[in-house]
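Chain R is already provided as a structure; the job is to place chain V on it using the hints.
Order-wise, the sequence lines are chains R and V.
Residues in the first sequence are numbered consecutively from 11, following the numbering used here.
Residues in the second sequence are numbered consecutively from 15, following the numbering used here.
These are calculated hints, taken from the structure and not from any lab test.
The model shown is predicted, which means the values in this text are computed figures rather than measured ones.
Glycine is no exception: its CB is placed at the ideal position from the N, C-alpha and C atoms.
A few of these clues could be false.
To give an idea of the interface, some chain V residues facing chain R are shown, with a C-beta separation under 7 Å as derived from the structure [to be verified]:
1. 26
2. 30
3. 33
4. 37
5. 38
6. 136
7. 139
8. 141
9. 143
10. 150
11. 153
12. 213
13. 242
14. 266
15. 368
According to the in silico footprint, chain R covers these stretches of chain V (three or more CB under 8 Å from chain R) [stated by the list, open to error]:
16. 205-211
17. 273-281
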Amino acid sequence: MLSFLATDHWYDLRDLANLYRVVLEGLDHIFPTGLVYVLTALLGFIAFFVVFVLPSQLYVGVYGERRLIGRMQARQGPNRVGPLGLLQPVADAIKLLQKEALTPRSADRLIMWAAPVLFVAPAILIFAVIPFGPRMVFADIPVSLMYFLAISSLPVIASFMAGWSSNNKYSLFGAMRIVAMSISYEIPLVLGLLAVSVLSGTMSLQGMVYWQQDIPTWMILIQPIAFAVYFIGVSAELNRTPTDIAEAESEIVAGYLTEYSGMRWGLFYGMDIAYALGASAFAATIFFGGWSLFGLEQWVPPWLIFILKTYLFYFVFIWTRGTLPRLRIDQLMSFAWKFLLPIALINLLVVAVERLIWTSNDLPDAIVWAFGAVNIVLMVGIVFIWAKVFKYDPKKRPTKPRLVNEPGGYRPVDLEQGGPSL
Amino acid sequence: MSEIVKTEPFVMNIGPQHPSTHGVFRVKVTVDGEQITDAEMVIGYLHRSMEKLAEERTYTQNIPFTDRTDYLSSMSNNLGYCLAVEKLGGLSVPARGQAIRVIMAELQRLASHCMGAGAFANDTGAWQTPVMWFNRERERILDIFEMTSGARLTCNYMRIGGVAFELRSGFEEAVRNLLPRLQQTIADGQELLAENEIFIARARDVAVVSPETAIGASLTGPMLRGSGVAWDIRKADPYSGYEKYDFQIPIGYKGDAYDRFTVRLEEMRQSIKIVEQALDDLPGGPHSTEVPLAFRPPAGEAYARIESPRGELGYYLISDGGPSPFRFHIRPPSLINLSVLKEMTVGASVADAIIALGSVDIVVGEIDR
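The shape of chain R in the complex, shown without the other chains:
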């Protein structure tokens, strides 16, 4: 499978695993046997965090987001610190480090201290299973999908701890909301990803990339419903608009972060971005072919392809944040249970049948395109039927008020006589 990688030279930037191997061999001469594996794994992981996650947080998550949203909002965004404002995230981080991390007198000090720490750890662990290239994955475990889902639901506990320990009513609201929403959205999210796993027959993220490379296709074309469910579910998990009810600024000030200040708040903020990056990387792996790009990965470094896909997906998060209003919690809940869960179940059923047809009849791989067509038709059909069931007709809703010429009393709405439907 790795045949397209031409060389094993350390300077072949298409696969940074070469470089890594050279370092490992060099260190093996210095250190006693065995220790080097632990040490290089640790070093590699830290280096990877410093090389990819941290700059992405600063320059895509903070700078890029502020800059792009600035453009969307008819303003400049950060442009004072350094050329084009590029040093702004660094300045922000230094400012946060200098600020005092206050703890309210009535707060539960231990839990309040532990919450940001607990919030950070999973954000780093998430990236361990993400494949950046054919050999560039830290832990290529066979059930990395399960690992990812398990790790990504940990921060909810940290958020709840933060909200509970602050002893602030706004924080408590945020904590209650995040737990309720996370439980609701986890279920359709897992069911949606289960369908992907059933179709590709693997739970390894690397395996899914190979699956998409072999067909060749992208999972989003074959599994549009799973992608829709994943995108909605993950933006709810991540507290991004339109589902940012846990830190809804206009309602509960800052939700579970209300009492946090200084770098403790900064850890929450930065790791929120890291989770969003993790979710983007995950989506790029599962739905957009990961590091593969229809043969182009032989010439362009696969990790570059992958990172660009991740950033493109992250851009969608920024875009929705700059555009959409926020939903109310009961609307979000009913959306998860009444719409996302049934649609994910229907999708799972259809995909299971497709998989059965595919494997039991020993059909060629190209059959997935037919499955994809069926699934797209299914998605359009479901949306159409739901619109029919709920009598959804945006054209008939009045979006402009009535106009009258003369003042007077109350003007009733004539709903019977062909008036607008509300």
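Using the frame of chain R, we list chain V on its own:
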């Protein structure tokens, strides 16, 4: 289970320091989970004793006070106060002065509704984008105010008997350049918010005020018109020559937050129509009548009311023949519109209470004076 786990309501303060209270305003809400069971409004954090202070100053000196009541629509406040003094003193305003006053009042309505619509969008959680779009246009209107009166927010432009200065050269061109941009921004707001599925889900059927409640609580302005009651003082009791202009009253369907928002957008469109008409036939002649600085109206009382961006803004003045008013009273539309907040919020969720408060479009400077 229910014996072990029990829930109880708790009291939560929304405000006076809160992102969505539009100033220093406080609501003490009792919540049971997400549901509000009781709401108590606490006002007075911005009280500056304006009505009493005004009794110590001459009629002309009081005009800057009116700027600072409803600080988002100083021109309208100037106009209402000057109309009251003119009614008290039996003065008339030249035609040009009246037309300039109409242009300014309508531009002020546009500016104020820009702020109201944008801030309401912020309350629904549209993260700053609509408010920035609307504020961009509001800034341009404020530029025109600065060009005309020298101040952006507290204009202090109108005087008893007319306006303070003649319009600057280039004023008409500046306004005519501005109006198409404003139309575009209103259309953008319509597309981005009023036709947005999430926005409709958030604002439709939320904070409903029935027409009976609206009339009973003597609501005015977009709050009343949103409930479907056609009432506009510019039509019902025209002042400053409003009877000459052709415009319509927008009224809502259900009296919910969404109706109030769309009524505001439509009022902006109507204001643009009025400004265009006023510019088209701007009469010549003097902009003001000569009124002595220490103006002493005869003893008596007068009440003048205008349609401010928030509703019926009334000024009630009693004169004892001296150079300063014996009694100076303001009927603030924000305060009276706010009186239905409890009806709107009890039984709703916290998120809806914010929407309800945002849809009233309060200015705390006017509530507390």
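Quick rundown of the hints versus the structure:
1. Below 7 Å, beta-carbon pairs count as interface contacts, and residue 26 of chain V has one with chain R at about 5 Å; its hint therefore holds.
2. With a least beta-carbon distance of about 13 Å to chain R, the hint placing residue 30 of chain V at the interface is violated under the 7 Å criterion.
3. Annotation: interface hint on residue 33 of chain V holds; nearest CB of chain R at approximately 5 Å, less than 7 Å.
4. Taken as an interface hint, residue 37 of chain V does not check out: its beta carbon lies about 14 Å from the nearest beta carbon of chain R, beyond 7 Å.
5. The restraint placing residue 38 of chain V at the interface with chain R is violated, with a minimum CB-CB distance near 15 Å, outside the 7 Å limit.
6. Because the beta carbon of residue 136 of chain V sits about 6 Å from the nearest beta carbon in chain R, less than 7 Å, this interface hint is met.
7. Because the beta carbon of residue 139 of chain V sits about 3 Å from the nearest beta carbon in chain R, less than 7 Å, this interface hint is met.
8. Satisfaction of the interface hint for residue 141 of chain V is found here, the shortest Cβ-Cβ separation to chain R being roughly 6 Å, below the 7 Å cut-off.
9. The beta carbon of residue 143 of chain V comes within 5 Å of a beta carbon in chain R, closer than 7 Å, and the hint placing it at the interface holds.
10. Given hint, residue 150 of chain V at the interface with chain R, holds; its Cβ is 5 Å from that chain's nearest Cβ, closer than 7 Å.
11. The beta carbon of residue 153 of chain V is not positioned within 7 Å of any beta carbon in chain R (closest approach about 10 Å), and the interface hint is therefore violated.
12. With 7 Å as the threshold, the beta carbon of residue 213 of chain V comes within range of chain R, its nearest partner Cβ sitting at about 5 Å, so the hint holds.
13. Because the closest C-beta pair between residue 242 of chain V and chain R is about 6 Å apart, less than 7 Å, the hint holds.
14. Here the hint on residue 266 of chain V is kept, as its CB sits about 5 Å from the closest CB of chain R, short of 7 Å.
15. For the restraint placing residue 368 of chain V at the interface with chain R, the shortest Cβ-Cβ distance is roughly 5 Å, inside the 7 Å limit, so the hint holds.
16. For the region 205-211 of chain V, the proposed coverage by chain R is satisfied: 6 residues have a C-beta within less than 8 Å of a C-beta in that chain, meeting the threshold of three.
17. For the region 273-281 of chain V, the proposed coverage by chain R is satisfied: 5 residues have a C-beta within less than 8 Å of a C-beta in that chain, meeting the threshold of three.
The structure shown violates the earlier hints numbered 2, 4, 5 and 11.
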